[in-house]
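Colleague: What follows is the residue order along each chain.
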Amino acid sequence: MDNTLNLLDPIFLNSIFRLVTPILLAALGGMVCTRAGIVNIALEGHMIMGCFGGVLGSYYLKSAIGGVLVGMIMSMLVALIYGILRVNFGAEEVVVGLAVNLFSTSLTVFLLRTIFKVTGTFSSPDLKGLKILELPIIKDIPIIGPLLSGHTIVVYFSWICVALTYILFFNTTLGLRIRGVGENPEASKTLGISISKIHYFAILLCGAFCGLAGAQLSLGNVTMFVEEMSGGRGWIAIVASLLGQAHPIGVFLASTLFGFVSSLSFRIQGLGWPQEFTEMLPYVITLISLVIVYIASDSKLKRPSDEILKMKKIGTTNASLNLPEKK
Amino acid sequence: MQNAIELKNICKSFPGVKANDNISLAVKRGEIRALVGENGAGKTTLMNILYGLLQPDSGTIEINGEKCEFYSPMDAIKSGLGMVHQHFMLFSELSVVENIIYGMEPQNSGFIRKKQARNEVIELAKEYNLEVDPDAKVGNLPVGVQQRVEILKALYRKAQILIFDEPTAVLTPNEQIGFFEMLRKLAANEKTIIFITHKLNEVMQISHTISVMRLGKITAELKTAETNTQEISRSMVGRDVLFDLERKEINSDNVVLSVENLNVFDKNNIHILKDINFRVCEGEIVGIAGVAGNGQDELIRAIVGLSDANYIFGKIELIGSQLNHDSIKERRSKGLSYIPEDRNSVGLALQATVAENLVLGNIDDPEITRKGMLIKEGIRKFSESLRDQYLIKTNNIDEEAANLSGGNLQKVVVAREMNHQSKLLIAEQPTRGVDIGAIEHIHTQLLDHRSKNNAVLLVSTELSEIISLSDRILVMFEGQIIGESAHDEAIEESIGLMMAGVIPQGDRSNVNEN
Numbered sequence: 000m001d002n003t004l005n006l007l008d009p010i011f012l013n014s015i016f017r018l019v020t021p022i023l024l025a026a027l028g029g030m031v032c033t034r035a036g037i038v039n040i041a042l043e044g045h046m047i048m049g050c051f052g053g054v055l056g057s058y059y060l061k062s063a064i065g066g067v068l069v070g071m072i073m074s075m076l077v078a079l080i081y082g083i084l085r086v087n088f089g090a091e092e093v094v095v096g097l098a099v100n101l102f103s104t105s106l107t108v109f110l111l112r113t114i115f116k117v118t119g120t121f122s123s124p125d126l127k128g129l130k131i132l133e134l135p136i137i138k139d140i141p142i143i144g145p146l147l148s149g150h151t152i153v154v155y156f157s158w159i160c161v162a163l164t165y166i167l168f169f170n171t172t173l174g175l176r177i178r179g180v181g182e183n184p185e186a187s188k189t190l191g192i193s194i195s196k197i198h199y200f201a202i203l204l205c206g207a208f209c210g211l212a213g214a215q216l217s218l219g220n221v222t223m224f225v226e227e228m229s230g231g232r233g234w235i236a237i238v239a240s241l242l243g244q245a246h247p248i249g250v251f252l253a254s255t256l257f258g259f260v261s262s263l264s265f266r267i268q269g270l271g272w273p274q275e276f277t278e279m280l281p282y283v284i285t286l287i288s289l290v291i292v293y294i295a296s297d298s299k300l301k302r303p304s305d306e307i308l309k310m311k312k313i314g315t316t317n318a319s320l321n322l323p324e325k326k
Numbered sequence: 000m001q002n003a004i005e006l007k008n009i010c011k012s013f014p015g016v017k018a019n020d021n022i023s024l025a026v027k028r029g030e031i032r033a034l035v036g037e038n039g040a041g042k043t044t045l046m047n048i049l050y051g052l053l054q055p056d057s058g059t060i061e062i063n064g065e066k067c068e069f070y071s072p073m074d075a076i077k078s079g080l081g082m083v084h085q086h087f088m089l090f091s092e093l094s095v096v097e098n099i100i101y102g103m104e105p106q107n108s109g110f111i112r113k114k115q116a117r118n119e120v121i122e123l124a125k126e127y128n129l130e131v132d133p134d135a136k137v138g139n140l141p142v143g144v145q146q147r148v149e150i151l152k153a154l155y156r157k158a159q160i161l162i163f164d165e166p167t168a169v170l171t172p173n174e175q176i177g178f179f180e181m182l183r184k185l186a187a188n189e190k191t192i193i194f195i196t197h198k199l200n201e202v203m204q205i206s207h208t209i210s211v212m213r214l215g216k217i218t219a220e221l222k223t224a225e226t227n228t229q230e231i232s233r234s235m236v237g238r239d240v241l242f243d244l245e246r247k248e249i250n251s252d253n254v255v256l257s258v259e260n261l262n263v264f265d266k267n268n269i270h271i272l273k274d275i276n277f278r279v280c281e282g283e284i285v286g287i288a289g290v291a292g293n294g295q296d297e298l299i300r301a302i303v304g305l306s307d308a309n310y311i312f313g314k315i316e317l318i319g320s321q322l323n324h325d326s327i328k329e330r331r332s333k334g335l336s337y338i339p340e341d342r343n344s345v346g347l348a349l350q351a352t353v354a355e356n357l358v359l360g361n362i363d364d365p366e367i368t369r370k371g372m373l374i375k376e377g378i379r380k381f382s383e384s385l386r387d388q389y390l391i392k393t394n395n396i397d398e399e400a401a402n403l404s405g406g407n408l409q410k411v412v413v414a415r416e417m418n419h420q421s422k423l424l425i426a427e428q429p430t431r432g433v434d435i436g437a438i439e440h441i442h443t444q445l446l447d448h449r450s451k452n453n454a455v456l457l458v459s460t461e462l463s464e465i466i467s468l469s470d471r472i473l474v475m476f477e478g479q480i481i482g483e484s485a486h487d488e489a490i491e492e493s494i495g496l497m498m499a500g501v502i503p504q505g506d507r508s509n510v511n512e513n
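As given, the protein sequences belong to chains A and B, one line each in that order. Using numbering that gives the first Met the number 0, read the first sequence as starting at 0 and increasing by one per residue. Using numbering that gives the first Met the number 0, read the second sequence as starting at 0 and increasing by one per residue.
Don't take each hint at face value.
Said to hold, decoys possible - Straight-line C-alpha distance at most 27 Å; calculated BS3-like pairs for lysine-lysine: (1) A/Lys309 with B/Lys266; (2) B/Lys77 with A/Lys196; (3) B/Lys157 with A/Lys196; (4) B/Lys333 with B/Lys216; (5) B/Lys77 with A/Lys188; (6) B/Lys247 with B/Lys451; (7) B/Lys314 with A/Lys311; (8) B/Lys125 with B/Lys222; (9) A/Lys196 with B/Lys113.
Keep in mind the hints are simulated off the structure, nothing from the lab. Predicted model, so just to flag it, every value in this text is computed and none were measured.
Using the sequences plus the hints, can you model the full thing?
Modeller: Dropping the structure here:
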C-alpha cells in the first residue's frame with residue numbers, strides 16, 4: 000500500500016461528497032428548524048429512520064428510489080410525532096428531541112428483528128442500492144471529475160437543496176414568515192401568522208431532509224442496514240447548522256468541512272494510524288471550529304486599537320484631571 | 000359626523016378584578032383622543048379588546064357604524080385598525096421593507112415581488128412624510144425610526160384607526176415634536192387616533208379630546224381646550240397631586256461619588272464613554288439627562304459593577320475608596336444601592352415571592368439567615384414591615400412577584416434599595432411605566448433620601464422628572480457629558496438642545512470649558 004497521503008487520489012476525492020451529503024442534508028433540515036425558532040436535536044433519530052426506511056422500501060418495492068421515498072416518509076412520521084409533542088402539547092424541545100432519538104434507534108432495532116428476522120446487520124442481494132451517475136463532460140476533468148462526478152442522485156439533489164432552501168428563505172413569502180416566526184413569534188402572531196403551521200412545516204421539511212440523508216447512508220454509501228448506522232452524523236449536522244449560521248451557503252461550507260475531515264480520517268487510517276485516533280478526528284475538528292468561531296467573534300481577543308493601547312500606557316495616574324467645580 | 004369607533008357597555012372581568020366596567024367610548028373620524036389613567040385603570044385591557052387580543056364579556060364594538068366581533072388582531076386589522084405597541088412588534092433581523100410587508104407580501108405564486116414591495120413602501124413613506132431607509136436592518140435603526148416602521152406597518156395594512164400605546168416613552172424631545180406633527184398630519188388625513196399615555200403635558204399638547212379612566216371606569220370625558228392638567232389628574236387619581244416638590248437646602252462639600260477620567264470601551268472595543276468626570280456630594284441629587292443610548296447605561300453599569308465592557312480606564316471612588324475592581328457585593332457594602340432601569344430582569348426575580356425579593360441583598364442579616372438556613376419568621380417580619388412602610392399593594396407577601404402590577408413591582412425594588420440605607424443611591428428610570436400615584440411616592444422617597452444627607456444619582460430620559468428633582472443636571476450625548484446645569488437655572492429648552500448634541504454658546508457651566 001502507498002505510504003503517503005495522496006490527497007489527489009481519485010478514490011479519495013470521490014469519497015468526500017459521499018460523506019458530506021448525509022451531514023449536509025440533515026444540517027439543512029436543522030437549519031430550517033433553527034430559522035423557525037426550533038432547536039431540533041432529533042436529527043439523529045430522524046436519520047436512522049431514513050436509513051431503515053430506505054432499506055425497507057428498497058427491499059419490498061424492488062426500487063432504490065422507492066426506498067428513498069419510504070425512508071423520507073418514515074423520517075417524516077417521526078418528525079410528525081416530534082411536532083405533535085412540541086407544537087400541540089408544548090413539550091420542552093430538548094426532552095422531546097432526546098425522546099425521539101432514543102425511540103427511533105430502538106424502533107429500528109425492533110423492526111429489524113421482527114421484519115427481517117436478523118440482528119445487527121441486514122443485507123441482501125434483493126436490496127437495490129442507488130446507482131452511481133456520471134456527469135457528462137465534468138467527469139473527464141482531472142481532480143474536479145472524481146470530486147463532483149460519480150455520485151448517487153441524492154448527492155446531486157443535496158446541492159440543489161442548498162439552492163432551493165436559499166430561494167425559500169430569501170425569495171418566498173413562506174420563507175419570510177419562517178424567519179419572522181423564528182425571530183419574534185409574538186409579532187408574527189399579531190400580524191395573523193399561524194406559528195403552529197410554520198413550525199409544523201419546518202419540522203416536517205426537516206424530517207424529509209433527514210430521511211434523504213438516511214437513505215443516502217443505507218442505499219448510497221453502502222447497501223445494507225446496520226443498527227445505529229447514523230453514527231452521530233445527526234449531531235455533527237447540528238453543529239454544521241450552527242457553524243453555518245443557519246444560512247444555506249454557510250451550512251454547505253460547514254458540512255463540506257466535516258465531510259472532508261471524515262473522509263480524511265478514513266484515509267489516514269489506511270496509512271496505519273490507530274483507528275481510535277482517526278475516528279476521533281471529525282469531533283476534534285468540530286471542537287476546533289467552534290473555538291475558532293468563538294475567537295473570531297470575540298473582539299477582546301483581537302489586538303486593541305491604538306487609542307486603547309495609548310490609554311493603557313498612560314494608566315490612571317497621569318491622566319489630567321478635568322473636574323467640574325461644585326456650585 | 001359618524002363615529003369611527005363606538006364601544007358600547009364593554010365589560011371584562013379577570014379573576015378578582017373588574018378590569019373594564021361598563022365602558023362606552025365614541026371617537027369621531029379625524030379625532031385625536033388621549034386615553035389616560037393610572038396603571039391598572041384598565042386602558043390596556045380596553046385597547047386589547049378593541050384590537051382583538053381579548054374578547055369582552057359583554058358589550059359591542061362598532062367601527063364606522065358597523066357592528067364587529069374581533070376574535071384575533073387579524074379581524075381588527077381587516078376592519079381598519081392598527082396598533083403601535085409600546086414594545087415594538089418588529090423583527091430586528093429583517094429589513095424595513097420585510098417588516099412592513101410581513102404577512103401581506105405582494106407575491107406571485109409564493110414568490111415575493113421584491114421590487115414592487117420596495118416601491119410600495121417608498122411611496123407610502125413619502126405619502127405620510129415618514130422617512131425611512133427601506134433596506135436598513137430594523138435592529139440597527141434608532142427607536143424613533145423603528146416607531147416610524149411600526150406606523151408604516153399599520154398604514155400599509157390600510158389602517159384608518161391607529162392606537163398608540165405610550166408612544167413617546169422612547170423618543171427624544173426632538174423626535175417627539177416630529178411625532179406630534181405626524182399625528183396631526185394623520186388626523187388631517189381623516190385617520191382616527193387613540194393614544195394611551197401617562198404624560199399630561201403631552202395630552203394637553205396634542206389631543207382634541209380626553210377620556211380618563213380609573214379603576215375600570217371612565218371617570219371623565221374632557222375637551223382638551225376646556226381643561227387643564229390639574230383637572231385631568233384629579234379625575235385620574237381621585238385627589239389633587241403634588242406637582243411641586245419641596246426640598247430642603249443642603250450645602251455640603253463631602254464627596255460621596257467621584258468619577259475621574261472614565262473611559263470605557265465596550266465588548267466591540269467601541270469607545271463608548273469618553274473622559275467622564277463628575278462628583279456627587281452629600282445631600283445632592285445629580286440628574287443625568289440624555290436620550291436613551293448615549294452612554295448612560297454604560298456609565299451606571301461601570302459604577303455599579305455590572306459592566307461587560309472590554310476596557311474600563313479611570314477612577315471611580317465611593318466615599319474615598321476606589322471601586323474599580325470590587326465585586327458588586329463589596330460595592331454594596333461600601334454604601335451603594337441601585338434601582339435598575341430594567342426591573343423585570345435586573346431588579347427582581349419575578350418567579351420568586353414578594354418576600355424573597357425584598358430580602359435579596361440582605362441575606363447576611365442574622366435576622367434573616369443563620370448558618371445558611373432561612374429564618375421564615377424573620378423574613379416575614381422584615382418584608383411585612385417594608386410592605387407597610389412603602390405601601391406595596393399585595394395581599395400576601397408570599398405571592399409570586401410576577402402577579403404584581405408594574406407600579407407595585409417598582410415599589411418592591413425601591414423599598415429594598417432604600418432600606419439598604421446606603422450613602423449613594425443610583426436610580427435609573429425609577430418611574431418608567433409607573434402610575435402617577437406611585438411616581439409621587441417614589442419622588443418623595445428620593446427627596447427623603449437626599450434630606451438625610453445622602454447622595455442620589457438619577458438617570459432619566461424624562462426631562463421633567465430630572466428638572467424637578469435634581470440639584471445639578473448633567474447632560475450626556477454620544478458618551479460624553481456635554482453640559483451641566485444647576486437646579487435653579489435648569490431650562491427645559493436648553494437641556495433639550497444639549498440632549499440633541501447642541502452646546503449652548505458661552506454656557507458658563509459647560510464642562511469642557513472648566
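Colleague: All hints, please: hold or fail.
Modeller: Against the structure, the hints:
1. A/Lys309 with B/Lys266: Answer holds: A/Lys309 to B/Lys266 is near 18 Å, not above 27 Å.
2. B/Lys77 with A/Lys196: The given pair, whose Cα atoms are some 21 Å apart, holds under the 27 Å limit.
3. B/Lys157 with A/Lys196: Holds: B/Lys157 and A/Lys196 sit about 26 Å apart, inside 27 Å.
4. B/Lys333 with B/Lys216: violated (48 Å)
5. B/Lys77 with A/Lys188: holds (15 Å)
6. B/Lys247 with B/Lys451: holds (10 Å)
7. B/Lys314 with A/Lys311: Distance of about 13 Å is within 27 Å: holds.
8. B/Lys125 with B/Lys222: violated (32 Å)
9. A/Lys196 with B/Lys113: Holds, because 24 Å separates the two Cα atoms, which is no more than 27 Å.
Hints 4, 8 from the list above are not met by this structure, while the remaining hints are.
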